[in-house]
Amino acid sequence: MTNLDIIMVIVRVSISAFVPLCFLAVCVTMERRVAGFIQDRSGPNRAGICGIRAGGLVQNLADGLKLAFKEDIISEHVEHKFLYVLAPIISMAAAIISFALVPFADTLVLDGKSYVMQGIPWDTGILWFLAITGFSVYGIILAGWSSTNKYSLLGALRSASQVISYEIPMGLAVISLLIVYGSINLSDIARFQGQTWLGFIPMWGILLQPLAAVIFIVAAFAECNRTPFDLAEGESELVAGFHLEYSAMKFAVFFMGEYVAMFASSAVIVTLFFGGYNIPFFDTDFLIRNIKPVAFVLLVILPVFMFYFAKWIRRNNRSQYLRENDPRKAEATIYIRCFWILIAIIEVFLLAILAFAQPDTAAAHLLVALMQICTFLIKVTLMLFVYVWVRWTIPRFRYDQLQMLGWQKLLPLALLNIFVTGAIVVALG
Amino acid sequence: MYIDTLFSIFALIAIAGSLGLVLFRHPMQSALCLAVTMISLAGIYALLSAKLIFLLQLIVYAGAVMAMIVFIIMFLNLREKDLPEERERFTYLIGGAVLLIPVAWFMIKVMKSIPGVKNSIVGNGFGSIKELGQVLFTNWLVPFEIISLLLLVTLVGAVVLAGIRRESND
Amino acid sequence: MAAKVKQLPSRGGTPAEKVYLIEIFKGMAITLKHFLRNLWDNSNLYVRHYPEVQPDIPARWRGRHRLLTHPDGTPKCVACFMCQTNCPADCIMIKAGTRIDGVTEKMPVSFTIDLAECIYCGYCVEACPEDAIRMDTGIYAFTSSNREEMKIGMTEMLSLKGGFPEEEYQKGLEGE
Ligand code: SF4
Ligand code: SF4
Chain S
-1 MTNLDIIMVI VRVSISAFVP LCFLAVCVTM ERRVAGFIQD RSGPNRAGIC
49 GIRAGGLVQN LADGLKLAFK EDIISEHVEH KFLYVLAPII SMAAAIISFA
99 LVPFADTLVL DGKSYVMQGI PWDTGILWFL AITGFSVYGI ILAGWSSTNK
149 YSLLGALRSA SQVISYEIPM GLAVISLLIV YGSINLSDIA RFQGQTWLGF
199 IPMWGILLQP LAAVIFIVAA FAECNRTPFD LAEGESELVA GFHLEYSAMK
249 FAVFFMGEYV AMFASSAVIV TLFFGGYNIP FFDTDFLIRN IKPVAFVLLV
299 ILPVFMFYFA KWIRRNNRSQ YLRENDPRKA EATIYIRCFW ILIAIIEVFL
349 LAILAFAQPD TAAAHLLVAL MQICTFLIKV TLMLFVYVWV RWTIPRFRYD
399 QLQMLGWQKL LPLALLNIFV TGAIVVALG
Chain F
23 MYIDTLFSIF ALIAIAGSLG LVLFRHPMQS ALCLAVTMIS LAGIYALLSA
73 KLIFLLQLIV YAGAVMAMIV FIIMFLNLRE KDLPEERERF TYLIGGAVLL
123 IPVAWFMIKV MKSIPGVKNS IVGNGFGSIK ELGQVLFTNW LVPFEIISLL
173 LLVTLVGAVV LAGIRRESND
Chain L
1390 MAAKVKQLPS RGGTPAEKVY LIEIFKGMAI TLKHFLRNLW DNSNLYVRHY
1440 PEVQPDIPAR WRGRHRLLTH PDGTPKCVAC FMCQTNCPAD CIMIKAGTRI
1490 DGVTEKMPVS FTIDLAECIY CGYCVEACPE DAIRMDTGIY AFTSSNREEM
1540 KIGMTEMLSL KGGFPEEEYQ KGLEGE
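Protein chains in written order, with the numbering used here: chain S, -1 to 427; chain F, 23 to 192; chain L, 1390 to 1565.
Don't read these hints as lab results, they were simulated from the structure. Note that this is a predicted model, so its numbers are computed, not measured. Keep in mind that the hints are not guaranteed to be accurate.
As the list claims (entries may be wrong) - When the alpha-carbon atoms are kept at most 30 Å apart in a straight line, the in silico DSSO-like pairs for lysine-lysine are as follows:
id, chain 1, residue 1, chain 2, residue 2
1, S, Lys309, L, Lys1422
2, L, Lys1465, L, Lys1407
3, S, Lys407, L, Lys1407
Said to hold, decoys possible - Partner residues are not named here, just some residues of chain S that face chain L (Cβ under 10 Å, in silico):
id, residue
4, Phe35
5, Asp38
6, Ser40
7, Ile47
8, Ile50
9, Thr105
10, Pro226
What the hints assert, rightly or not - From chain F, some residues computed to sit far from chain S (all C-beta separations above 10 Å):
id, residue
11, Leu77
12, Ala84
13, Asn99
14, Leu121
15, Phe128
16, Ile151
17, Val181
Yeah, the Cβ is synthetic: ideal placement off N, Cα and C, and Gly gets one too.
Chain S extracted, bound-state conformation:
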């Protein structure tokens, strides 16, 4: 192992472990503010440190602090205290590990060695995801059962049977995808989607396998216990579902586990159906070979984008009522300056690349990898937005409707899809 190897291991593992955790802040903020905007209200926008509220991000900090300093109660009636404490840990750990095999950039070639950009460079991709999400059921069951509480038990029953039954259509949808891609390795799958069809249509999973995409996404919503399938926490009937008895940090861990699972499943959805880390129309080779034009285009686009972004910040970050020396205007100026400084730093790097880098050098590879990571994260954020968007649009299903949908609609459709896909693939050779 050379030093470079060790550094790459650390980088990859920390990306795949900490990015989901950092995205918690994005998820929670997005959930609240998008919910607000969809309902024509504003969402949390008051909490701030010295007037800096960062668009609601500081509210998360406040809530996190609140949860951390709350009293952590284990009720007297909880008989199996060990299992009770274990449950949130299982939920959270399963959520984080399930992201480990998702590639966030194309294989990086440095010094003639290639590094697979996954947390664990293993080629069992999607099966790993299915295996680990299966484990999250344990967290739910243990939480509901060890709480010794009827509401928790009912919530856990619903939630667990829902997760178990939706795993089947999910797995079947994956099979028809695998027939098309010919591999279970998520890196291979992502690379496959980098190709284009007739030169201009990207070969994304959603275009090749629309039915599988619908089935998989619906099943993923159910697996994450998100609306419209969040019967487990149906507030009106079950108070809060399986995590009813949990308080303070133990509740927070459940909560975080839920959002990390959401992140992981959006990452998998993006990798399977929306081209993964691929920038549409530009595959990795093309980018590396044409690193100078690419850097130049970025160099021009970024300030233009920033100009309009600054305008947007100005327009939206002001007090909506008469106020002398509006402090929010000063706040907006601070944000805009910070962003401009960031852009300036990136520009300097791009200029350096433009001036010195040759195609197919380490710098070119690194720049392309970074661009792909950004693309991947943007795609995942959009998918997370879809999760939030659906949650604040669609009302909850009834429980029998949910099981009916899973077993009577999605399952036969997924089976049919496998046969049709197999027939077409065989017919086309």
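With the hints as your guide, set chains F and L with the ligands onto chain S.
Coordinates of chains F and L with the ligands only, in the frame set by chain S:
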């Protein structure tokens, strides 16, 4: 060396899990111990670079089967007071262990008599999905189909049995 | 008057609606429209920026109670206990005493309302034969860190002024 250490760790966890399965009183704890055993067995499969078996062990046994068992135990919602009193369980346990000694001795003997296979790196792609699939669908096609028929029979049987119950309830 | 019955056509029967996804996308288009409009310019939000922007309170609003006074500053209340009897929340506590200046026979010695229990129904105002108690101060927000402070006494209620001109208040009453 490091494989050996990992193997011993997995083996110890597996044994501890199965001991817990027998010794714990509450079915939920026993079931979870069994799940631990399943997972550490999966770890041993992974050490043998049998990737597919490792994943199937995780998905099917640790994920689906054990989750079903735990789910059903949760469904029954057994509490400490519902459990039967087992006064002489330790007597039975020890008796069972004593009875097993000859079998174990015999097994150890068999193991020892197997000619030592030299440790060697297995061929590229061993245990991976493609190779396994190819073998399964060429050399072992008939047994594979027969097994799937068996599963189908069980499935239909379960549906039929459930149907009969419903009628008699009406 | 016969109850108004509005017949809504039953939805969900056509094949396009049975597929469900199409309808979901329609709904999602609506919410997305709202989201984008508000993201583009958040002055479109239907939000009152509350502590800074105060709501308009109409004269009929039932706010905090006050006791009215005669022109000479003495309470109008005759301690008839109508309000106390009528109060569904049982939160008015009146102690009656004799009135010595001869205007009426009785007057309250103490008059306490527990605002933590009051449900702001306004029955006390309606019950009062002397128009001695009103809820027209326009104060709608009061908090305190302990229960005792939520009980307001006679002096405090006498000192409060009405939040609206008299004509407007009377106009508000006409509707009832
Ligand atoms: S408003 Fe209603 S509840 Fe409050 S004091 Fe008057 S009668 Fe009692
Ligand atoms: S406020 Fe009015 S109703 Fe109440 S005791 Fe006084 S006069 Fe009677």
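field: Hint check against the structure, violated hint numbers in rising order
entry: 2, 7, 8, 9, 11, 12, 13, 16
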